[in-house]
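Novice: Sequence:
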Amino acid sequence: MKAIVDPQGALARGLTAIRADFQVPASFPPDVLAAAADAVERPPSAHRDRTAIPFVTLDPATATDLDQAFWIEAAGADLLLRYAIADVGWFVEPDRPLDQEAWRRGETLYLPDGKAPLYPPVLSERAASLLPDGERPAVLFHILLDPEGRARLDRVERALIRSRAKLGYETADPDALPPLLPSFAARVAAAEAARGASRVDPPDQEVTAAPNGDLTLAFRPRRPVEDQNARLSLACNLAIADALLANRTGLFRVMPEPDAQAVARLRHTAAALGLAWPKEQPLDRFERGLRADHPHEAAMMAAIRRAGRGARYQAYTPETRPWHAAVAAPYAHATAPLRRLADRHVIEAALAVANGRAVPDWVEAAFARLPDTMARADALAGRIDRAVIELAESVLMRPHVGQVFTAVVTEADDAGSRIQLVDHPVMTRLTGAQLAPGDRVRVRLGEADPERRTLGFALEDAP
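For reference, each letter of the sequence shown is one residue, going 1 to 463 in our numbering.
Quick caveat, the hints were computed from the structure, so don't treat them as lab data. Yeah, the Cβ is synthetic: ideal placement off N, Cα and C, and Gly gets one too. Fair warning: there could be bad hints in the mix.
Claimed, not checked - Each computed SDA-like pair below joins lysine to any residue, with the alpha-carbon atoms no more than 25 Å apart:
| id | residue 1 | residue 2 |
| --- | --- | --- |
| 1 | Lys115 | Arg126 |
| 2 | Lys115 | Pro30 |
| 3 | Lys115 | Val24 |
| 4 | Lys115 | Pro371 |
| 5 | Lys115 | Glu206 |
As the list claims (entries may be wrong) - What follows is a set of in silico ranges between Cβ atoms, one per label pair, in the way DEER data are often shown:
| id | residue 1 | residue 2 | range |
| --- | --- | --- | --- |
| 6 | Glu460 | Ala264 | 38 to 48 Å |
| 7 | Ala246 | Asp413 | 39 to 49 Å |
| 8 | Asp461 | Arg195 | 22 to 32 Å |
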């Protein structure tokens, strides 16, 4: 689970229960492990030698499943991104044990105490991972970015690459990064603003000890290099989406605009957090002004992420134009094939269309099946994420049972209200009280139960 890290192990017992409750796989079947052991021996015989390009990777320092390596150079007025993506498709044969198990899983599941990977570690953390310990097969995307930040797919090839360095967000020396990375990211960001994109990337939350010894949830500041790195993937995915659309094929990530009710709830959340949001200012402009290194603004970014009506996958059809509201453009997922089943198939389609070939029949057939498969995987990941948040809230609030807190009502219905605590990053339900959105109330914490992952608040003072 990417949103919360638990370096002190305060959530360990509850995480064990979550793994059992959601049947998170602890290992792989023997036939899948055997297939992986065989697959990693396959030599990269269809790959061009691109080992002279000084690729680097940039990820969390502890990550070992490295999907992307990159280098950036000038190409006239354009910037050229050479974006190498792990060639999972080289190792995984359609409808064979590795592929069948990946369809069962859909995606890697993340929890604070570890992950349940999509593919066995011998593949996802060694042979296919773009680690700097030798040559690796990759699918190399050449992306041209014009001065206005518009990305287009120049060419795609299977390539043999060698990363020069495994750089970490926390430790990367700026001199080790491609010098043009800030310029590339700035162009992409300017194009986002021009399109009215509203994509937000809230910082991670971390279980930490407060000065008085109590555990608390704190936001880890998001480093500028993380946003720069994210914009490489964004540019590549946008360019791939355009290329697939032009060839009347593909699988796209789509998301509708937040509805009026969701925006109203967010305005109440902003009020609870003490953030000024002018009535005439639209959500996308408000979002772009939030700063991840300010705790209340980081909490607002997380609330916006949760408030969306949900992204989903959609296969190409002539009747519909795929649209991702947060990106404000057609968008495809292709840059994390070690972690998402869909990406491997999008990569194969992009490789085909960029080289004037028909998309393989097995890929087109997969596009029809993938929306349902990925919806199930996303739903499971979402339930696990929510359970982890509820566990963390119940563990951290347990010392405060009996205390009174100020909260703001963000939503109300016949069953009760949803409230946002003013001084803690906690949103929860309050039953039995007839309140209206925007009401400021005082509530008493009567129960915090980590085993059930629940909080029980009662209304102390009504408006």
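Novice: Look at each hint and say if it fits the structure.
Specialist: Each hint tested on the structure:
About 16 Å separates the Cα atoms of lysine 115 and arginine 126, which keeps this hinted pair within 25 Å; it holds. Between lysine 115 and proline 30 the alpha-carbon distance is near 19 Å, which keeps this suggested pair within the 25 Å criterion. Taking the CA atoms of lysine 115 and valine 24, the gap is about 9 Å. The hint holds against a cut of 25 Å. Restraint check for lysine 115 and proline 371: the C-alpha separation of about 23 Å stays at or below 25 Å, so the hint holds.
Of the supplied pair hints, the one linking lysine 115 and glutamate 206 holds, its CA atoms being roughly 17 Å apart against a limit of 25 Å. For the hinted restraint 38 to 48 Å between glutamate 460 and alanine 264, the CB-CB distance of approximately 25 Å leaves it violated. In this structure the supplied range 39 to 49 Å holds for alanine 246 paired with aspartate 413, their Cβ-Cβ distance being about 45 Å. For the hinted restraint 22 to 32 Å between aspartate 461 and arginine 195, the CB-CB distance of approximately 45 Å leaves it violated.
Violated hints, in rising order: 6, 8; the structure is consistent with all others.
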